[in-house]
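Participant: Listed below are the residues making up each chain.
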Amino acid sequence: MVAKFKARHGSGVREASTYLGQNFMIVEPSITNDVLQILRDEEQFDYCVDITAVHYPSREKHFELIWILYSFPRNQRIRVKTMIADGERFPSSVSIWPTANWLEREVYDMFGIQFDGHPDLKRILLPDGWKGHPLRKDYGIIQQDQEWVQINLGIESGQ
Amino acid sequence: MQPVATTFFFYFLSGLTLASGVLVITRKNPVHSALALIFGLLAQAGLYLMLYAPFVAGVQIILYAGGIMVLFLFVIMLVNLERSQKEEQFNKQWLVGIVAAAALGVLFVLVYMKGADLFPVRMTLPTESNNTQEIGVMLYGQYMFAFEIASLLLLVAIIGAVVMAKKRI
Amino acid sequence: MLDYVTSYLSSNTTPGQAGNVLWVLIYILVVFGAVSVAVMAMNWLERKALAHFQIRLGPMRVGPHGLLQPIADAIKLLTKEDIVPAEADKFVFWIAPLIILCASFTVYIVVPFGPTHAITDLNIGILFMLGVSSLSVLGVVMAGWASNSHYPLIGALRSSAQMVSYEVAMGMTVVSAVLMTSLNKTGTGTLSMIGIVQAQQSQQIWFLFKFFPLGLIAFAIFAIAMVAETNRAPFDLPEAESELTAGFHTEYSGLRWSLFMLGEYAAMIAVSSIAVTLWLGGWLRPFPNTLTGGAWDLVFSLVPGLLFIALAVIAFVGVVRMPKHPYFRIQTIGLAGFGAVLGLIGLILFAPPVRDRIQDIFWFTAKVAGFMYLYIWYRATFPRYRFDQLMKVGWKVLLPIAIGVLILTAVLGVLL
Amino acid sequence: MGDQITKDPSTYLSHLELGEPDKTFLDSNELIINMGPQHPATHGVLRVILKLDGEKVLGTECVIGYLHRGVEKIAENRTYTMFNPYVDRMDYVAAVSNGLGYCEAVEKLLNIEAPPRAQYIRVILTELNRLASHQLWLGTHALDIGAMTPLFYTFRDREEILKIFEKYCGARLTTHSFRIGGCQYETYEGFERDVEKFLDFAPPKIDEYEELLTTNRIWLERTKGVGTISAADCKALGVTGPVLRASGVKWDLRKAQPYAAYSKFDFEIPTGQHGDTYDRYLVRMQEMRQSLRIIRQAVESIPEGPIMAKVPKVMKPPVGEIYHSIEAPKGELGYFIVSDGSTQPYRVRVRPPSFVNLQALDIMVRGQLVADVIAVIGTLDIVLGEVDR
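Protein chains in written order, with my numbering: chain A, 6 to 164; chain B, 103 to 271; chain C, 5 to 420; chain D, 834 to 1222.
So here's chain A without its partners, still in its complex pose (with noise of 0.2 Å):
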C-alpha cells in the first residue's frame, strides 16, 4: 500500500515505518490531503479515530498534526503525519470525516493550529474570550490568562 503512494506522490511521502506494531506515515503538508482522500476513498480508512498535534518547539517546524485512521472492513490502523509552522494556516479535512469538526476545534483550542474551511473554528474547551493555548510546551501549567479570570469571575488571580 506504501508502495503505491508513494509512487503517486513521490517525494510527498517522506517515511513510512512502524513502531512497535502501528505502521504510520509522514507526509508533506502539502498534499495530507489529498493522502487522506484517497485513503478515505481508496483504502477505505473510513473511521476517523483521531486528530491531534503534538508540538515540538525544538524542531524548525514546530507542530506535529496527526490523524488516526482505522478501517473497518481491513480492521487496520494507520496514523498519518505532517509537520507545519507556527502560525501555518492547514486545510481542514472535516470534507472528508465530518467528526474532524470537533476534533479540529480542540486542536485549534489546545495549540492554535488554524483550520482553513472549517466550518465553524472556535474554542470548544475554554472559554471564547481566553486568551493563549494551554497545551502548548511555552503554556506553563500554573499560568491562567488573568485577565479573563479578573473580568469573568472577579477574582485576583486563578490560583
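Just so you know, these hints were derived from the structure itself, not from any lab. No residue lacks a Cβ here, since even glycine has one placed at the ideal position from N, Cα and C. Do not rely on the hints blindly, as some may be mistaken.
Here are the simulated lysine-lysine pairs, DSS-like style, with alpha carbons at most 25 Å apart [said to hold, decoys possible]:
#1 1057(D) x 400(C)
#2 396(C) x 889(D)
#3 941(D) x 127(A)
#4 889(D) x 268(B)
#5 906(D) x 66(A)
#6 1000(D) x 1057(D)
#7 66(A) x 142(A)
#8 889(D) x 1057(D)
#9 1057(D) x 142(A)
#10 80(C) x 268(B)
#11 136(A) x 906(D)
#12 127(A) x 1000(D)
#13 1146(D) x 86(A)
#14 86(A) x 889(D)
#15 94(C) x 80(C)
#16 130(B) x 94(C)
#17 884(D) x 1057(D)
#18 216(B) x 130(B)
#19 1097(D) x 1149(D)
#20 268(B) x 884(D)
#21 396(C) x 268(B)
#22 1143(D) x 396(C)
#23 142(A) x 889(D)
#24 400(C) x 889(D)
#25 1038(D) x 52(C)
#26 86(A) x 127(A)
The following label-pair restraints were derived from C-beta to C-beta distances [what the hints assert, rightly or not]:
#27 1005(D) x 147(A): 27 to 33 Å
#28 306(C) x 252(B): 53 to 59 Å
#29 1017(D) x 155(A): 39 to 45 Å
#30 95(C) x 1005(D): 41 to 47 Å
#31 1005(D) x 110(C): 26 to 32 Å
#32 249(B) x 420(C): 22 to 28 Å
#33 1057(D) x 91(C): 41 to 47 Å
#34 78(A) x 1005(D): 51 to 57 Å
#35 24(A) x 1101(D): 32 to 38 Å
Starting from the known structure of chain A, arrange chains B, C and D on it as the hints suggest.
Facilitator: Then chains B, C and D, alone, in the frame of chain A:
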C-alpha cells in the same frame, strides 16, 4: 318540593349577573373581563336552576363556562396583549352608543308597561323530575330537523378550522 | 325547631331533596371533612406505597412509619413564605387556586355514598359533575397566565389542552353508561347518580359487566381519561421536571401551592367516585344478586369490621418489630395507640345497628380506595407520554373507541 | 435525514444550517431555548442551545468545557505512574476501563506484558465496571423519560458491584486498582466467592429491568423511532460503542483488536437494526448479559501466578509514540502517548468516546421534539467528565 327563599335567590343571582356584565365591559385587563364573563354565566346557570331547568343549567356550565370560556382565555393568552393594547381604541362613536342604549331602554319600558298580556297567563312549571327526558324527547321528536341542521353547521365550522390550521401541522 | 331536625330522619331521601337546610350543612361538613382527611391519608399512602414499589422505605422519621408526615407537610406548607411573582396579576394569581379547589370540591355534593347518604340528588347529577370538573381547567389556565413567566404559561396551556381533550372522551363514555340505565322496565334512563346506582341494582348487574365487552371498554376508556383529566401518572407531562416547562404551579409556594395539591387529590377522588358510581355499582356490595340471602348479607356486613381489625393487627406487628432503642419508644407507643384506635373502630363496626348503616358507605369508599391505589401504581410503573403522543392517544384512540362503544350500546340497548 | 452525511458532507456542516421553518398562516416564531448547564437531564454540565420551531427542534449546538480540568496538560508534568489516578477522574462512571486503557498503553510503550493472572483480574473488574456503568445509564435514562422505578432497582444492584470493588481496592468509584505492569493488589481470599455470588444474583435482576421496560407500551412509544442514526452516519461521525452497534455495525474492539485476556473468552456482540433509542436500549441490556458471561468464564479459569510484571522503579520508556484503544462502556477509548525518553510523558492525548458521540446529537435530534432531546442525550450515555477532560 316547596322551593326555599326563591325571591331572595332570584334577586341575588340576577344582581350577580348584572354586576359581572358591567364588570366585563369596564375592566381594562382582558383576562379580568373574561373572568367576570365566566362569573356571569355561572350566575345565569343558577337562574336556570330556579326555573326548574337543571339540564339547561348543566349544559350551560359545561359548554359556556367549561368550554367556550377556556378557548376565550386561550386566545387572550396567545395573542400578546401589548400589541393589541397599543392599537387605538375606536371609541369615538359615543353618540351612536347612546342612541342605541336609549332605544333599548324604551323597548324595555314598553314591555314592562304592557306587562301581563304579553306572556301566557299560567306559569309553565314542568315537574322537576323528568325535565331532562322531556328535553330529550322534544329535541329528537319535534325539532329533529332543526337539530340536524345545527349539527351540520357545526361540522362545517370544524372543517373550516382544520383547513385553516392545516398548513401548520 | 326540633321536629325540623327530626323530620328529615324519617324521610328516606337525601337532605338536599328534603330541603332540610340544616342537615345539608351537616352533610357538607361531614363529606368535606372526610375528603380532606382522605387527601391527607392519600398523601401518606402515595409516598409510602411509591417508596415500597421502589424498594425504599419512604417517610419513617416523622411519627411511627411516617404517619405524622402529612401533618408535618401541612404545617410546613402553612408556615412557608407565600411568594407572589413581581408583576404577577394579583387578583388572578390569588383566585386561581380557589377556583380549582371549588371546582374539585363542588363535585362532592352529588356523590352518592348510599341511597340516602348524598348531600343532594340533582336529577342531572352526572352532567353537573362533568360540568364542574371542567371548570378546574379555568383555574389551571389562570394560574399559568397569572404567574407571568414563560414556562408556567406553556405548562398551563399544555395541561388545559390535555384536560379539555380528555374531557370529550370522558363525556362520551359517561353517555354510554347513562344509556345503559334506560334499559330497566321504566324505559327512561336517569342522569341522577342515585338513580344510576339503583338502575344497576334493579338490572342486577354492574354496568361494568353489562353487554359484556362494551361496559368494560367504556370503563377502561373512562379510567384512562380520568387519569389524564387530573394530570396524573403517565399523563403528568405539564409538571415533567425533565422537560423545560415546570408546570403551571411553579410560581406558587406555601399555602397556595398546598391548595393546588389539595385540589388535585380531591379531583382524583371525585373522578374515581364517578367511575365507581357509573360502572362499579356505587354502594352495592359485591355480588348483590347472585349471593343473596341472609347468610351472605351477614358475611358481607362483617367485612368492614374485619378490615379494621386486620389493620390493627398489622399495626401491632409493626409495634412488635419496632427496634427496642429508647429513641423509638415514643414511636412504638404512638403506633400501639394507633393500632388500638383501629381495633376499637373495628369492634364498633361489628355492632349490628352500626353494621348495616355503615354498609353502603364502606363499600363505596373501598372501591374508590381501589382506584387510588391504581393511581399510585400507574405513577410507579409508567414513564411519561410525550405531549403529541398524549394528544394523539386522546383524540385518535380514546375518542373513536368511546363513540363506537356509545353506538354499540345504543344498538344493543334497542335490540335486547 | 440520515444519509445526507455521506452524500455531501460539506452541506451538512454549514454551521446550524437549518431547514427554513414553514412560514405559514399562523407564523410561528422560532424559539432559541437554552438547556442550561444546570439542567436536571444533562448528565453533568452540558449546555445545549436548541433552535425550536414551536415544538420541533431545528438545530442544536452543544456548549461544553464547563468541566475542563486540563488533564492532558497535567499529564505532561507528571511521571507515568503519578498520572494513573487522574485517568480515573475522566469517565468517573467507568473509571476502571480508563485505568485499563492507560496502563496497557504504557505497557506497550515499555514493551512489557502483564502476567496472565493480572490480565484475568483486569478483565473481571472491567466487565463488572461495564455492568455498573450500563446500570447507571439505564436508571438515569429511564428517569429522564419519566419512569421513576427502574432507577432504584438499578442502583440497588449496582451497590453489589461497588461492594466488590470496595473490598478489592478500597475505592468504589475511582478505583485506581491497576498499575503499569499488572494489578496493585492480590485478590482478597473471598473474591471468587463474592463474584460467583454476584453472578447468580444479577441475571434475575436484569430480567426485572426487562420486565419493567421492554414491553412497556409508553416506553416503546417514547423510544421507538427516536433519535435514529444510520450506520453510515455513525462511521462518518466517528460514533462508537453501543450507539454504533445499535445501528447495525457488528464492531467491538474486544473482538476486533482483542487486548488484555479478551481473546480467551467467547461472547457475542449484540447489534440492533434501526439505530433508534429502543435498539440502543436492547443492545446495552444484551451487553450486560454478555459481560456476566465473560466474568463467569474469567472467574472459572483464572490462572495462578504473579500479578505484577517486572517493572523498573523509574520508568523511562524509549523515545517513540503509540496509540492504544480499548472498548469502554461508552465506545472506543484511545490513548495516544508520545514519550521523549524522560520519566514524564511528552504528550498524552485521550480519545474520549463521549466527546465524539456527543457530536452526533445534532443530527439525531433534528426534526424531533423537545422531549426527545432529553431522551437522546440519555441514550448517548455521555459523561461530561470525559467530554471535557
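Participant: Do the alpha carbons of residue 80(C) and residue 268(B) lie within 25 Å of each other, as the hint requires?
Facilitator: 49 Å, violated
Participant: So if I understand the rule, the pair passes when the alpha-carbon distance is 25 Å or less; does residue 136(A) with residue 906(D) pass?
Facilitator: Roughly 16 Å separates the two Cα atoms, so the pair holds.
Participant: Next pair to validate is residue 1057(D) with residue 142(A); report whether the Cα-Cα distance is within 25 Å.
Facilitator: Measuring from Cα to Cα gives roughly 49 Å; hence the hint is violated.
Participant: Hey, residue 1038(D) versus residue 52(C), does the alpha-carbon distance stay inside 25 Å?
Facilitator: 23 Å, holds
Participant: Residue 249(B) and residue 420(C), beta-carbon distance inside 22 to 28 Å?
Facilitator: With a Cβ separation near 26 Å, residue 249(B) and residue 420(C) satisfy 22 to 28 Å, so the hint holds.
Participant: Hey, residue 1000(D) versus residue 1057(D), does the alpha-carbon distance stay inside 25 Å?
Facilitator: 40 Å, violated
Participant: Taking 32 to 38 Å as the stated bounds, is the beta-carbon spacing between residue 24(A) and residue 1101(D) within them?
Facilitator: For residue 24(A) and residue 1101(D) the Cβ distance comes to about 34 Å; the hint holds.
Participant: Given the hinted pair residue 396(C) and residue 889(D), is their alpha-carbon gap at most 25 Å?
Facilitator: 16 Å, holds
Participant: With a cut-off of 25 Å on the C-alpha distance, tell me whether residue 1146(D) and residue 86(A) pass.
Facilitator: 33 Å, violated
Participant: Given the proposed pairing of residue 94(C) with residue 80(C), does the C-alpha separation stay at or below 25 Å?
Facilitator: Holds, at about 24 Å.
Participant: A range of 41 to 47 Å was offered for this pair. Does it hold for the Cβ distance of residue 1057(D) and residue 91(C)?
Facilitator: Holds - the Cβ-Cβ distance for residue 1057(D) and residue 91(C), about 44 Å, lies within 41 to 47 Å.
Participant: Starting from the range 51 to 57 Å, see whether the pair residue 78(A) and residue 1005(D) falls in it by beta-carbon distance.
Facilitator: 41 Å, violated
Violated hints, in rising order: 3, 6, 9, 10, 12, 13, 14, 18, 19, 22, 23, 30, 31, 34; the structure is consistent with all others.
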